[in-house]
Amino acid sequence: MSTLLLLHGLAMLPSFCEGQQNQVNTLMVDAKGRNMKCLTFLLMLPESVKSKSSKGSKKGSPSSSSKLPPVCYEIITLKTKKKKKMAAEIFPTKKPASATTVQQYQQQNLNNNNTIQCCNWQGLYSTIRERNAVMFNNELMADVHFVVGQSGGTQRLPGHKYVLAVGSSVFHAMFYGELAEDKDEIRIPDVEPPAFLAMLKYIYCDEIDLSADTVLATLYAAKKYIVPHLARACVNFLETSLSAKNACILLSQSCLFEEPDLTQRCWEVIDAQAELALKSEGFCDIDAQTLESILRRETLNAKEIVVFEAALSWAEAECQRREMNTSIDNKRKVLGQAVYLIRIPTMGLDDFANGAAQSGVLTLNETNDIFLWYTAAKKPELQFACQPRKGLTPQKCHRFQSCAYRSNQWRYRGRCDSIQFAVDKRVFIAGFGLYGSSCGSAEYTAKIELKRQGVVLGTNLSKYFSDGSSNTFPVWFEYPVQIEPDTFYTASVVLDGNELSYFGQEGMTEVQCGKVTFQFQCSSDSTNGTGVQGGQIPELIFYA
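As numbered in mature numbering (1 follows the signal peptide of the UniProt record, and there is no 0), residues -19 to -1, 1 to 525 make up the sequence shown, in order.
The reader is advised that the hints may include incorrect statements.
What the hints assert, rightly or not - With beta-carbon atoms standing in for the labels, derived distance ranges: (1) Gly133 / Lys406: 40 to 48 Å; (2) Arg137 / Cys100: 20 to 28 Å; (3) Arg277 / Pro241: 17 to 25 Å; (4) Glu162 / Arg137: 12 to 20 Å; (5) Gly510 / Gly435: 15 to 23 Å; (6) Asp266 / Val128: 24 to 32 Å; (7) Lys406 / Cys100: 50 to 58 Å.
To be clear, the hints were calculated from the coordinates, so they are not data collected in a lab.
We treat Cβ as the ideally placed atom computed from N, Cα and C, and that holds for glycine.
Could you build all of it, start to finish, from the sequences and the hints given here?
Here you go:
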């Protein structure tokens, strides 16, 4: 027979059951002979009910000394199903907070205007991480405040000592160490407010929120307060966003933060794309020590006249930082001994005569001695370095095992030869090696192009002369193009020439070049027959 649950309330006077509640289980049978389970609760009543119950007891009971009042609650019968319910069904959990709700809280926290609308806000979140995130930049239960930023641009931010101490050993020592100071407000003038907020967001929410504008300041904050995982994330962000435009300033910062891996990545970019790096705005923002290390660099892949002009641009910016007039004398003054790290005697004579000699930075004696260095048999001694920089040695990835020629191919009439490739580590494509004429010497006009997902990264139009051999002939980009790993790029060339040329065959889909692995696949841009197995663009010339 089915069992029904019966709730039976029996009111007891406080004098009968002082300071407790009792529950009695009994079995009863209903009119149809079914078993019923009766739960009798002995409830505590307030004094007002006690007095009324006492009067009712005296009036309706044969014995005025009886302590048990009559039943004052009706019996409620609940029908139950044969299938037992699980606890999760009986006590359903509340739905977790939606993503929109969490984002709204976090946005309110960033704006430092978070107000908790629900008195039971803890119940909105199923994990301690989510509940902890609500406290981020929240005045609720805050026991410390930070005044962050320099005077005139400060921001007052709330904090919670326990949470901060768990996330940073510096905060732990600050709040709970032997030399802890009990201050309600702490001033931090050397950290920018957005960077400090980014660090707090990581400590409270376990989330990393970085941007190009704040990543360096966030790295500084993470280093200062010893939050290593956030610092590592900042370095990774910088490495992935590293380019010739920011390589010099990141080099300066990486040395300051003692990040050798980032320093090495910066040098790789500066060496390979030296002229782009030296012409960037960031170069003028570096410190004097970093300037000297760049000018001293043996593997700098740049013309010396470009190095000289970059040094003058830095000197002008340094004069402005020191609030000095940007005169020729002041430029020479701020350069100091670093001017002798510029290898002026290795410039071409035209570059020197039309550039450095007329800049006014060199003294008259220095200019005369350098002219004698170019022309005289007996060369004078110079304070400038006279040996040219070694630069970088270009490497070649050859993707064909053999080459051939036929009477009806390979012919060019403005059609495109193209191939796609990917690498497993960062390299810099400096140009392509192309086949030449198979019918004697000939000249070709080549337009080379490098694209990523349809975006042109580098292009150049030039001519090359082939001598009739099966050798490859290099065609260069104006500047080397940075290639990131694990992404396919499209190399294309449009050749214009009347003669037939050699073409590659027995192509390979994967080629190992030193520590770099190249992978090749066919490109839909190719309209002249070039593919993985055969065709043009036999070589990729690169720096690694």
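Of the numbered hints stated previously, which ones are contradicted by the structure, given in increasing order? No numbers; nothing is violated.
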